[in-house]
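Enquirer: Line by line, the protein sequences give chains A and B.
So the first sequence is numbered by this note's numbering: it starts at 1 and just counts up by one.
So the second sequence is numbered by this note's numbering: it starts at 1 and just counts up by one.
Don't take every hint at face value.
Incomplete in silico selection of chain A near chain B, CB under 10 Å [as the list claims (entries may be wrong)]: (1) GLY20; (2) ASP23; (3) GLN33; (4) VAL41; (5) ARG91; (6) ARG92; (7) ALA141; (8) PRO143; (9) GLU145; (10) ARG153; (11) GLU157; (12) LYS167; (13) VAL194.
Non-contacting residues of chain B with respect to chain A, defined by C-beta distances greater than 10 Å in every case (computed) [stated by the list, open to error]: (14) GLU29; (15) ALA38; (16) HIS43; (17) ALA112.
From the derived model, a few chain A residues whose C-beta atoms are all more than 12 Å from chain B [unchecked claim]: (18) GLY26; (19) VAL37; (20) HIS51; (21) ARG80; (22) ASN84; (23) ALA85; (24) ASP88; (25) GLN89; (26) ARG93; (27) GLN136; (28) GLU187; (29) LEU189; (30) PHE192.
Read the hints as simulated data drawn from the structure, not as lab findings.
Glycine included, every Cβ here is placed at the ideal spot set by N, Cα and C.
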Amino acid sequence: MNRGSGSPSDEELVTAVLGGDRDRFGDLVERYQGRLVNYLVRLLRNLDEAHEMAQEVFLKVYQALDRYDPRYRFSTWLFRVAQNAAIDQIRRRRLKLVSMHRQDEGDDEGRDWDLPSGERGPYGALRNVERGAAIQDAIDALPWEYRELIVLRHYGELSYEDIARVKEMPLGTVKNKLFRGRQMLKEKLAEFLVD
Amino acid sequence: LTAARDANETTMNAEDCATLHERLDLEAEGALPPREAAALARHLAGCADCRAEREALARLHRALAASRLPVRDGFAERVMAALPAAGWEARHPRAWRLPLALLVLLAGSAAALAGVSSARRSPGAP
Numbered sequence: 001m002n003r004g005s006g007s008p009s010d011e012e013l014v015t016a017v018l019g020g021d022r023d024r025f026g027d028l029v030e031r032y033q034g035r036l037v038n039y040l041v042r043l044l045r046n047l048d049e050a051h052e053m054a055q056e057v058f059l060k061v062y063q064a065l066d067r068y069d070p071r072y073r074f075s076t077w078l079f080r081v082a083q084n085a086a087i088d089q090i091r092r093r094r095l096k097l098v099s100m101h102r103q104d105e106g107d108d109e110g111r112d113w114d115l116p117s118g119e120r121g122p123y124g125a126l127r128n129v130e131r132g133a134a135i136q137d138a139i140d141a142l143p144w145e146y147r148e149l150i151v152l153r154h155y156g157e158l159s160y161e162d163i164a165r166v167k168e169m170p171l172g173t174v175k176n177k178l179f180r181g182r183q184m185l186k187e188k189l190a191e192f193l194v195d
Numbered sequence: 001l002t003a004a005r006d007a008n009e010t011t012m013n014a015e016d017c018a019t020l021h022e023r024l025d026l027e028a029e030g031a032l033p034p035r036e037a038a039a040l041a042r043h044l045a046g047c048a049d050c051r052a053e054r055e056a057l058a059r060l061h062r063a064l065a066a067s068r069l070p071v072r073d074g075f076a077e078r079v080m081a082a083l084p085a086a087g088w089e090a091r092h093p094r095a096w097r098l099p100l101a102l103l104v105l106l107a108g109s110a111a112a113l114a115g116v117s118s119a120r121r122s123p124g125a126p
């Protein structure tokens with residue numbers, strides 16, 4: 001991950017940690033916490049679980065830091081670990097990977113997912129809740145192969161190249177699947193995509 | 001003949017627009033090479049359907065970005081507090097750590113240089 005000139009790269013931070021400056025790992029956590037939690041929450045559909053798993057992922061990465069292969073980007077490694085953890089968790093919960101649609105009381109969690117926006121007042125707030133739930137439902141309805149790429153791109157905020165590395169896919173395939181995934185989302189969300 | 005030509009042009013336009021939707025998708029990601037972007041701009045000037053598609057894509061990107069959630073306060077502090085006293089360090093005596101760190105830095109720099117070289121050979125990636 002390229003940072004501005006005033007900010008150390010991920011690899012420099014890893015080097016500092018391996019040199020004994022443990023606090024620099026906190027900089028890596030600060031840098032990736034938002035992207036990791038958002039990536040996990042869209043796969044797990046549970047904010048508490050996403051935070052817990054993000055913490056587990058950071059701990060796992062820290063414990064294996066000396067085995068980090070600097071030929072690859074730190075972000076690629078981090079999200080690969082996160083992806084494996086999320087898939088294991090989903091399997092443990094025996095949820096279908098395709099078209100997961102929660103129908104239990106856990107759906108109430110969607111209420112935490114109001115979209116921050118300029119819309120004010122009760123109707124604006126209701127619209128935000130509806131749109132947040134609609135986005136999650138639309139993502140859930142995507143076939144898994146599209147869904148995980150959409151989530152890596154829009155919530156993990158990985159570049160196309162990083163996604164290709166995480167998924168071990170050709171770059172052209174990543175572009176094509178993201179295009180198709182976004183087309184599907186656009187259709188499903190048509191009524192919410194108005195200003 | 002005229003009808004056949006019109007039908008043919010309609011089909012071509014439809015194909016062009018479908019192809020251009022993929023380019024609009026790349027444009028929205030800032031991943032369209034400048035030359036293709038110029039051609040796309042020329043098409044957009046005369047195609048209301050593609051302009052509408054472009055706007056719908058922009059709205060989708062905005063909606064997805066706006067749906068990102070804030071991380072709970074104190075998360076990073078909790079992670080740091082939960083780090084094991086001896087994680088990877090247990091496998092390496094203190095004297096080895098500096099050489100290990102230098103090795104990571106050197107290998108990372110080499111990988112970055114290789115990446116720059118590779119990116120120069122393959123423009124257009126996001």
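Enquirer: Work down the list of hints and note, for each, if the structure agrees.
Expert: How the hints compare with the structure:
no. : hint   : in the structure
1   : GLY20  : holds (6 Å)
2   : ASP23  : holds (8 Å)
3   : GLN33  : holds (5 Å)
4   : VAL41  : holds (6 Å)
5   : ARG91  : violated (24 Å)
6   : ARG92  : violated (22 Å)
7   : ALA141 : violated (15 Å)
8   : PRO143 : violated (18 Å)
9   : GLU145 : violated (17 Å)
10  : ARG153 : holds (8 Å)
11  : GLU157 : holds (9 Å)
12  : LYS167 : violated (15 Å)
13  : VAL194 : holds (7 Å)
14  : GLU29  : violated (7 Å)
15  : ALA38  : holds (20 Å)
16  : HIS43  : holds (17 Å)
17  : ALA112 : violated (8 Å)
18  : GLY26  : violated (5 Å)
19  : VAL37  : violated (5 Å)
20  : HIS51  : violated (6 Å)
21  : ARG80  : holds (16 Å)
22  : ASN84  : holds (19 Å)
23  : ALA85  : holds (15 Å)
24  : ASP88  : holds (20 Å)
25  : GLN89  : holds (18 Å)
26  : ARG93  : holds (20 Å)
27  : GLN136 : violated (8 Å)
28  : GLU187 : violated (10 Å)
29  : LEU189 : violated (7 Å)
30  : PHE192 : violated (7 Å)
The earlier numbered hints that this structure contradicts are 5, 6, 7, 8, 9, 12, 14, 17, 18, 19, 20, 27, 28, 29, 30.
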